[in-house]
Structures are given as C-alpha cells and as structure tokens.
Amino acid sequence: MKPDNSSMKATIPFLSVTGLEKSYGPHKAVNGVSLAVEEGHTLALLGPSGCGKTTILRCIAGLETPEAGRIEIGDVCVFDAAQRINLQPEARGLGIVFQSYAVWPHMTVAENVGFPLKVRKIGGAERDKRVARILEIVGLGAWHDRPATNLSGGQQQRVALARALIHEPSLVLFDEALSNLDAQLREQMRLELNLLQDKLGFTAIYVTHDQAEAFGLAEHIVVMNKGCIETQGAPRRIFHEPDTAFVARFLGFNLLPGTVTRRDGAKAEVTLPGGARISGHIPERAGQLAVGDAAIACMRKEHVHLTATPGSSMARIRGSSFLGLADEFILDFGGQELRAIQHFPEACADMAVGVEISPAHCVILPPENQ
Amino acid sequence: MLPSVISRISLCGRSATSWAERMTQQAVKPARWPQYLPMAGVVAGFLLVIGPLLATLLRSLLVFEGDDARLSLDHFIRIFKDPAIHAALGNTLICGLATTFFSLILGFSLAWLVARTDMPGRQWFEVGNLIPFFLSPYVGAISWIYLAAPNSGLAINFFKDHFGVDLSFINIYSLPGVIWVLTIFYTPYVYLFVIAPLRRMDAALEDAARVHGAGFWFTLRHVTLPLLSPALLSGALVVFVTSAGLFDVPLALASPSGIRTMPTEIFASVQYPSDFGRAAAFGVIVLCVTVLLALWQRRYLAGRRYETVTGKGYRPRLLALGPWGRAAALAFQCFYIGIGVVLPTIALVLVSLTRLWTGRFDPTRASLANYEYVLFNYQLTQQAIINSLILAVVGATLGVGLSVLQAYYLNRGAPKRRSIADAVLSLPLGIPGIILGLGFLILAIRTPLYSTLTIVLIAYIARFFPFATRTISAMFGSLNPELEQSARAAGASWAETLRHIILPLLRPALIAAWIMLFVIFIRELGATILLYAQGTETISVVLVVLSDRSFGYAAALAMVQLLLLLGAFAIMRATKTSIVQS
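Sequence lines, in order, name chains P and L.
According to this note's numbering, the stretch in the first sequence is residues 21 to 390, in order.
According to this note's numbering, the stretch in the second sequence is residues 15 to 596, in order.
Please keep in mind that the hints were generated in silico from the structure rather than gathered at the bench.
Values in this document were obtained by computation on a predicted structure and should not be read as measured data.
C-beta atoms are modelled at their ideal positions from N, C-alpha and C, and glycine is treated no differently.
Errors might be hidden in some of the hints.
What the hints assert, rightly or not - Here are some of the chain P residues that sit facing chain L, going by a computed Cβ distance under 10 Å:
1) G45
2) H47
3) I105
4) V117
5) Y121
6) M127
7) T128
8) P136
9) K138
10) I186
11) D195
Put together the whole structure using the sequences plus the hints.
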C-alpha cells in the first residue's frame with residue numbers, strides 16, 4: 021500500500037496495539053500498553069533501557085508472544101490473545117532493522133538485500149533489478165558483490181536498511197537502529213531516513229533511548245517507563261512541556277522539588293526549601309495541584325539565566341565544563357543542585373550569581389511517585 | 015547535598031622528592047627470564063610433536079639389511095601392493111566417514127534441542143549428553159558386546175524372552191557395530207563444538223530472516239546452518255580423524271571377526287615378529303591425510319570469520335515444540351542417553367556380578383566374586399590402577415602447566431609466529447594415539463626410557479596437550495590485555511602478573527582442562543598398548559588382557575574405571591566448570 025490513499029482515511033490507524041502485556045518470569049516487561057500509528061506516519065518508542073520498548077517492537081514483529089492484547093497491522097489481526105491468533109513473524113510482511121545490523125556474514129551484500137525476495141520466490145532479472153535499485157537508493161551501488169563482513173558499520177547499517185525495504189513492506193521496525201553508529205553518521209542517517217520515508221511512504225516504528233533520534237525522526241512520540249506509557253504526543257509538545265517528572269528528568273530538565281505557594285489557573289508558584297520562589301505553569305495533562313501541595317519545578321538548563329549582578333534569587337557556582345559555544349555550570353541553588361548552560365565568560369569558581377528563570381519556560385509538575 | 019562533580023586534585027607540591035629519585039627508590043629490578051617461559055612452552059610442544067613424527071618418517075624410509083640400513087621406499091611399495099591393506103584402509107575410511115556423518119546429525123540435533131527448544135528437562139540433558147565424552151570407548155565397546163553379541167547379548171535375549179522379537183541378525187562384531195559404538199562416543203564432540211555457537215549466535219541474525227519472510231526451515235537452512243558451518247566443519251574433521259584412528263573400538267569389535275582396520279594393522283605390525291618399517295609407513299600415510307585435511311580446514315576457515323557486531327544481545331528465542339514435538343524430542347534425547355550411558359552401565363553391572371556370563375542375568379546367582387578376583391587376586395590390577403592414577407594426575411598437571419604457557423604465547427606472542435605455532439601445536443588433535451605411540455616407541459626403543467612409565471607419560475602429554483591448550487587459550491582470548499597491562503603499570507613483574515591476575519582469571523579453564531586430561535589419561539589405550547611393558551600396565555591395558563579371559567573379570571575392572579571417570583565428571587559438575595568454552 022502506498023500513502024496516496026492515506027488522505028482518505030487519515031484518522032484510521034494503520035497499526036494498532038491494544039492492551040499488550042508481556043512478562044519474563046515475575047518481571048512485567050510490558051504492562052497493558054495501547055498505541056496506534058496512522059499509515060505513512062512514524063512513531064518513536066522512547067525510554068530508558070529496560071522500560072519495555074524493545075519488547076513491544078518484538079511483539080509487533082512476532083518475535084515474542086505476549087500474554088494479553090491484540091495487534092492489528094493494516095486490516096489484518098496478527099495477534100489476539102483472546103482469539104488465539106498469533107501469526108508467525110514471516111507471515112506479517114514486515115521489515116526490520118536491528119541495532120547489531122544482523123547482516124548475514126556468509127552472504128554478499130546483494131544476497132543479503134535480495135533475501136526477502138528470494139523467500140518470496142521472486143528471482144532472476146526481477147530480483148537483480150530491485151536489488152540494484154534499492155542499493156542505489158541507500159548509496160551502496162558499487163558494493164553489490166562484496167562479502168557483507170567487509171563493510172564498515174555505517175555501510176552494514178545501509179545493507180540492513182535496504183534489506184528491510186526491498187520487499188516494500190508497509191510497516192518497517194527499527195530497533196535502536198542508529199545506536200551503534202558514531203555521532204556524525206547517526207545524524208546523516210537520520211536525515212536520509214526521513215528522505216527515504218518520504219519517497220517510499222512506509223509506516224515506521226523506531227525504538228530508541230536517544231531523544232534526539234526520536235525527535236528527529238518521529239511525528240508521534242511514546243515515552244515508556246517500567247512497561248507502561250508515561251506520556252505520548254507530538255515531539256514539540258513533549259520537548260517543551262513534559263507532563264510528568266519522569267519525562268522531564270529523562271529529557272534532561274532541572275528538577276527542583278518545593279511546595280506550591282500560589283495558584284492562578286494554569287499559572288503557579290513554587291517555593292523551594294532554600295526560600296527561592298519560581299513561577300511557571302502547570303501543563304493541561306498533568307495532575308491537579310493545590311496550594312500547599314508538594315510539586316516540582318522543571319526547566320531546561322538552557323533556560324536558566326545567570327547574571328553577574330545580583331538577581332531575584334542567588335546561587336553559587338560549584339563547577340563548570342566547557343561545551344563549545346557555551347559552558348555548563350553546576351550551581352548550589354539554596355542547597356539544591358541546579359544546572360545551567362549559557363555563554364558566561366565572567367564566571368569563576370565559587371562566584372555568587374543571580375538566577376533568572378522565565379515563567380514561560382518553567383513547568384510545574386506533581387512529584388514522581390503519585 | 016551537592017555532589018562534587020568536578021574535583022580538583024593537585025599533584026604538584028605534595029612531595030619534595032623528585033620523580034627520578036622516587037623511581038630509583040622503588041627500582042627493584044624484577045627477574046626477566048620468566049618472560050621467556052611461554053616461548054619455552056611452545057618449543058617444548060614443537061619437540062613433543064615433531065620428534066615422534068620425524069622418527070616415524072625416517073623409520074618408514076629405512077630398510078635394514080643385516081646391520082646396514084639404507085633409504086628406500088620399499089615399505090610404501092609393499093603396503094600399496096598388499097590387497098589386505100587396501101581392505102584395512104577402506105574399512106577405516108568407511109568407519110570414519112559413517113561415524114562423522116551420524117555424529118554430525120546426532121550431535122547437532124541434540125545441541126539444537128537443548129539450546130533452542132523448550133524440550134522438558136533440557137538443563138539436565140545439557141550435561142547428560144556429555145557423559146559419553148567422559149567414558150572409555152573401549153569399555154563402551156565391550157559393554158555393547160555384552161548387550162548385542164550373537165547368542166550372549168543381554169539386549170538381544172531380553173527382546174527374545176519378553177517380546178518374542180528375534181534380533182539375532184544383529185552382530186556387534188562387524189563394521190556397523192564399530193560405527194554404532196564410535197557414533198555414540200563421538201556425538202558429544204560435535205555437540206561440544208556446536209552448542210556454544212548456537213547459544214552465542216546473535217539472535218537478530220535469525221530474527222531478521224523470520225521477519226523478512228523466511229519460515230522456520232528456510233531460516234535453518236539458509237541462515238542458521240551456514241553460520242554454524244565453521245563449527246560443524248571443525249567438529250566433523252576432529253571426529254573423522256580421531257574416530258578413524260581410534261584403536262580401542264576396532265580392537266574389541268572388528269578384530270575378533272578378522273576385519274582389518276588401519277589402527278589394528280599398525281598394532282599387528284609391531285607385534286612379534288615386528289616390522290617397524292611397515293608400521294611407520296602406515297603411520298606416514300595416515301599423517302599425510304591428517305595434515306592435508308588440517309591445511310584445507312585452515313584455508314576454508316580463514317575466509318569465514320563470522321564475527322558480527324553484537325547489539326543488545328538478547329538470547330536466541332526458544333522454539334515452542336508443542337506437546338507432540340516435546341514428546342518426540344524427549345524420546346530422542348532419552349534414546350541417546352539410553353544407548354550411550356544407561357544400557358552400557360546396566361550391562362557392565364550385570365555382567366560384573368555374574369561368574370559365568372551366558373547372556374542372561376540371574377539375580378539368585380549374583381556375586382562379587384569377579385571383583386574379589388580382579389581387585390585382590392589378580393596380580394596386575396593393583397599396580398595398573400596405581401600406574402593409571404600416577405599417569406593421570408602427573409600428566410594432567412604437567413599438561414596444564416605446559417598449556418598455560420602455550421596459551422599465553424598463542425594470545426600474546428608475536429602475531430606472525432602465533433599462527434605457525436597454533437598450526438603446529440594443534441597437529442596432535444589429528445594424530446591417532448597409536449601412531450604417536452609408535453613414534454615414541456621408535457624414539458625410545460634403544461634408550462633407558464624404553465619400558466618406563468615416563469615414556470608413556472611423555473606420549474600422553476604429546477598426544478593430548480592440544481585439548482588443554484585449546485580450552486585455556488579460548489578463555490585467554492576473552493581476557494582483555496588491559497587487565498595485565500594495568501597490573502604491569504601498577505608495578506607487578508611479568509611473573510607476578512601471571513600469578514595474581516592471569517591464573518586466577520583462567521581458573522575455570524584450568525580446572526576444566528585438568529579434568530579433561532585426567533579423564534583422557536585414565537582411559538587411554540592406543541598409545542599405551544604400544545609403549546607398556548611389564549610393570550607399567552595401565553587399567554586399559556589390563557582390561558584388554560582380561561577381556562580375553564572372562565567377560566566377568568573385564569566387566570568388574572571396567573566398573574572400577576567407570577567409577578573413576580564418573581568421579582571426574584562429578585568433580586567437574588561440582589566445581590561448576592564447563593568444557594564448552596571455545
């Protein structure tokens with residue numbers, strides 16, 4: 021299926037997962053997860069290691085058998101625990117790219133890439149033509165007959181990608197697909213993947229622990245925590261306005277626990293144990309917070325503004341590290357640790373600095389274990 | 015509390031003594047000579063391998079006329095013209111190929127069931143499948159005589175008495191009999207070679223095939239088996255050369271019905287009136303085949319280094335077999351343990367308890383008379399047990415010591431010389447014990463070493479050290495060199511690093527290698543049968559002597575050896591070491 025007809029049924033999910041549960045012994049790896057992706061769209065499963073994101077992907081691929089739930093791809097139910105439906109992996113018509121690339125070392129590049137066609141009994145000239153075309157697309161045209169083991173990591177990744185796309189699957193799964201590449205190559209592959217997806221129109225699911233990868237690739241992000249969905253939504257919303265303290269921490273926000281001292285609609289003020297008052301807003305989807313409740317003020321390091329002149333609150337610089345365009349500072353903020361990133365050449369160790377946090381960039385959230 | 019993330023440690027100004035002064039203060043020069051020990055170990059290995067082989071080669075080319083010797087190809091010409099020898103070579107080839115074929119199938123299936131399926135009890139079978147590896151093939155052969163010999167076979171009579179099934183067409187004294195017993199004992203070799211790669215294989219390689227449309231069998235054929243081909247090939251070669259060269263089983267099963275094989279012909283050539291030239295020429299022919307196979311294997315494997323980047327490395331999934339599949343798998347697995355361990359042991363016990371074996375066990379007449387005679391009244395036994403224990407304990411200890419040095423060299427030596435050393439040091443893997451025994455016999459025959467326990471010991475170590483070296487070297491390969499380098503940087507000498515860092519880390523491999531050598535030496539027959547003399551008999555030699563006299567006596571002594579071997583197996587289990595390490 022091609023995405024041309026996706027405009028007609030844009031709201032009907034192409035992949036839907038409902039009530040998925042999977043345990044390993046006593047450990048519940050996935051605990052009642054439901055999610056959906058529209059055709060031609062991209063979903064990223066983001067979370068720390070052990071949060072169950074890979075298990076979900078493997079369940080979708082048919083490589084693990086969940087205990088409960090239902091998985092539909094296109095109009096086909098590939099798994100349903102209640103109806104005892106469980107299609108074998110090869111019957112689900114997918115493509116997959118693994119972190120280890122999983123390029124078969126006993127085959128040449130062309131044999132690797134042509135494998136899905138060989139299995140489907142597409143042979144001869146047709147197979148050669150399609151292999152040549154897809155290798156051209158991923159930029160490996162000249163490597164056709166090389167043994168797959170002679171390739172660099174980035175090239176092996178392209179072989180794996182070509183292999184996952186050659187049979188034109190409507191759903192392609194990426195399991196930490198870019199994690200083994202070095203930073204520069206990762207960035208490049210990310211851009212190329214976006215272009216490829218536009219060109220070929222497949223639906224994609226990325227599993228990753230790297231937020232930059234998730235934000236760069238996906239239109240919809242699902243953040244996982246301990247087998248459950250912590251939050252989901254558009255990348256920009258999650259980036260700027262995390263709904264939970266877990267998400268804020270995972271995205272690298274400063275987390276400053278305190279008490280709500282004022283509340284006005286979505287706006288609120290948190291007073292820290294050190295006496296500093298921080299204003300911010302409570303996101304729509306976060307839980308209820310009343311005056312007197314414990315709360316956490318969260319802001320990005322880039323949004324903590326340090327001044328050499330005394331400000332409304334004061335902090336002391338404990339250490340710094342050079343990041344290039346800016347420095348990262350570790351501050352003692354009334355006994356709490358605060359981090360800030362900015363260009364601040366006047367700074368020196370143990371210097372007292374003023375701290376400004378703009379209310380627009382500060383999110384007030386309920387504490388984590390609620 | 016604020017964690018101090020950026021600590022500022024100042025190194026200067028702490029001490030007034032200069033760097034140079036402090037260096038001279040602690041400059042206790044460590045002895046340098048221990049560093050040459052690994053090289054010495056390799057040289058010793060070379061001598062142990064090359065010495066007897068050169069002696070064999072030379073002897074095969076020498077023809078004695080009176081007191082004069084001259085170089086000639088007469089021995090080879092005579093061998094090639096002798097039709098009886100063609101038959102012997104043909105029989106050996108048939109045995110080797112058939113054994114390799116059947117053990118590949120059996121060994122791979124068992125390893126796959128244990129490592130990749132949900133067969134019930136697989137954690138027990140994982141270990142159980144290795145028991146035949148620890149048992150003596152000679153004892154295995156004689157227990158299968160007790161089970162399936164014409165007229166006196168326990169199993170054959172059992173089927174006749176209880177089910178009325180006539181199995182008298184089965185004759186264990188035949189080539190199929192030899193292949194049957196060899197397959198039982200060589201299946202664990204394939205199993206050992208295959209099970210580790212089966213477990214270690216990146217699951218994503220097979221998963222990728224499944225997701226991209228390949229079914230289970232297609233994946234097995236096009237992905238799993240090709241990836242295992244280096245392991246399968248190595249296993250097949252070892253099984254072929256060692257099973258074809260094994261003396262024990264043809265001695266017990268082929269010789270009685272006059273079937274000639276290569277190892278029994280060599281043995282016969284050395285018996286009175288002995289013809290060493292003929293035996294040596296035989297040995298050279300076998301060696302040529304072995305060396306050619308080994309070279310071919312090296313070339314084949316050189317192009318197939320299947321090392322892949324591993325990701326998160328989830329273990330391969332276990333295949334759900336379903337109720338019928340599980341039952342079939344269990345039955346298959348029990349069949350192997352049955353023919354390899356349970357039935358032979360039952361046969362040994364029953365025969366050893368019967369004074370005069372007639373093919374049926376009568377509990378009312380059971381007695382320990384055989385044990386009494388063999389252990390206390392037969393003059394050879396006690397000395398033989400002592401000899402075997404001395405050889406096994408001293409040999410295993412020396413062998414492991416030598417292997418540690420060689421493993422060090424093979425992993426840390428100069429890269430170019432390493433591969434040559436590896437090639438030469440693994441040669442004995444493919445040399446039948448009886449041929450190496452012949453080489454040492456030729457070397458020692460006119461020296462004081464002849465007919466001593468020492469020459470037997472040297473032959474044992476020469477024939478079997480590669481097993482220990484491979485086990486230890488495999489584990490050495492997984493040690494990061496930085497572990498040693500940090501010890502050296504911290505001030506330890508080479509010898510101290512070996513003692514405090516390397517040996518403790520290698521401990522599991524050292525124990526595994528020691529037990530393996532102990533087991534092999536307790537049961538060795540091929541080299542011993544040529545080198546023993548009055549007073550240096552081993553358990554295996556006495557077994558051969560006794561089995562000519564009475565089934566019961568042989569069975570009683572075989573029980574003693576079985577208990578020693580099972581004891582070693584139990585120790586290996588207790589120390590939780592594994593011989594699956596390559």
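Hint-by-hint comparison with the structure:
Checking P:G45 against chain L by beta carbon gives a least distance of about 13 Å; that is not within 10 Å, so the hint is violated. Proximity of P:H47 to chain L is violated relative to the hint, the smallest CB-CB distance being about 14 Å (cut-off 10 Å). At a threshold of 10 Å, the smallest CB-CB gap from P:I105 to chain L is about 16 Å, leaving the interface hint violated. Given hint, P:V117 at the interface with chain L, holds; its Cβ is 8 Å from that chain's nearest Cβ, closer than 10 Å.
Hint status for P:Y121 relative to chain L: holds, with the closest Cβ pair at about 6 Å, below 10 Å. For P:M127, the interface hint holds, the least distance from its beta-carbon to any beta-carbon of chain L being 8 Å, beneath 10 Å. The beta carbon of P:T128 is not positioned within 10 Å of any beta carbon in chain L (closest approach about 13 Å), and the interface hint is therefore violated. This hint holds: P:P136 has a C-beta 4 Å from the nearest C-beta of chain L, less than the 10 Å allowed.
Contact between P:K138 and chain L, as hinted, is supported at the beta carbon level, the nearest pair being about 8 Å apart and thus within 10 Å. Interface restraint check for P:I186: the shortest CB-CB distance to chain L comes to about 9 Å, inside 10 Å, so the restraint holds. Annotation: P:D195 was flagged as interfacial toward chain L, and the flag holds, the nearest CB pair being 8 Å apart, inside 10 Å.
In this structure, the hints that do not hold are numbers 1, 2, 3, 7, in rising order.
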